[in-house]
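Work out the full structure, taking the sequences as your base and the hints as a guide.
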Amino acid sequence: MLPLVSILCLNSLAVAKMFKYVSSSGIIHLSNVPGTEGYQAWEEVPEGYKGRRRKASVKEKDEITKAVELAARRYGVNSNLVKAVIKTESNFNPQAISPKGAMGLMQLMPETAKQYGVENPFNLWENIQGGVQHLDYLLSKYDYNLERVLAAYNAGKGQVERYNGVPPFPETIDYINRVFYYYQNPRTLHSGQVANHNRTKKANKIFRYVSPNGVVLFTNVRQ
1 MLPLVSILCL NSLAVAKMFK YVSSSGIIHL SNVPGTEGYQ AWEEVPEGYK GRRRKASVKE
61 KDEITKAVEL AARRYGVNSN LVKAVIKTES NFNPQAISPK GAMGLMQLMP ETAKQYGVEN
121 PFNLWENIQG GVQHLDYLLS KYDYNLERVL AAYNAGKGQV ERYNGVPPFP ETIDYINRVF
181 YYYQNPRTLH SGQVANHNRT KKANKIFRYV SPNGVVLFTN VRQ
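Here this note's numbering is used: the first residue of the sequence shown is 1, the next is one more, and so on.
No lab work stands behind these hints: they were computed from the structure.
Each residue gets a CB set at the ideal place from its N, CA and C atoms; glycine is no exception.
Wrong hints could be hidden among the right ones.
Straight-line C-alpha distance at most 25 Å; calculated DSS-like pairs for lysine-lysine [said to hold, decoys possible]:
1) K114 with K66
2) K114 with K157
3) K141 with K114
4) K157 with K141
5) K114 with K100
6) K100 with K157
Simulated DEER-style distance windows between Cβ atoms [as the list claims (entries may be wrong)]:
7) G76 with E161: 19 to 29 Å
8) P168 with E119: 28 to 38 Å
9) N164 with L70: 16 to 26 Å
10) E63 with R187: 15 to 25 Å
See the structure below:
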């Protein structure tokens with residue numbers, strides 16, 4: 001069972017600054033006030049990222065949308081899921097670089113970029129193509145169990161196999177919570193609102209359906 005996420009003192013408006021505290025039992029507390037000792041500032045782009053912290057320009061946003069829709073159709077991955085991953089990984093910053101060396105919109109590690117033929121991970125078209133291919137691979141590998149898919153995208157397949165499920169890392173649990181929030185609330189993708197989705201229950205198996213007009217639907221209810 002995943003550790004719980006406790007949401008404190010939140011409202012429906014965009015939050016200017018958020019604070020996070022992880023208890024000894026792994027429960028993540030999010031609040032818009034510092035609270036007791038141990039709370040740290042929580043940013044949409046993880047602290048430690050190199051390069052300019054910026055959001056995509058209007059032109060880049062249009063290009064990102066086009067690239068996402070194209071790759072999503074090509075590989076049969078839900079476009080809202082792709083956008084939620086991009087939001088969580090880089091906050092739509094095409095030049096983002098993580099302390100571990102992950103690059104671009106979908107934060108591809110060098111070996112992942114090479115695996116999918118991405119020569120320039122800072123080219124948004126190449127990055128998205130590579131990232132969506134990787135998501136498609138993970139979705140197939142884990143039978144569309146989104147928790148395991150996202151855990152593998154964040155922490156690596158080895159960790160998912162080691163723990164036979166989502167590894168008990170606060171960073172990975174935090175990551176899954178964020179992606180699920182943006183996936184289920186796509187209007188917040190460009191709003192500046194911080195993910196505050198409280199997932200207190202372990203998700204059941206996710207089923208994938210494709211409508212006659214090609215729309216891909218993920219649901220936890222068998223149809």
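Requested in this report: Just pull the numbers of the violated hints for me, sorted ascending.
Outcome: Structure breaks hint 9 only.
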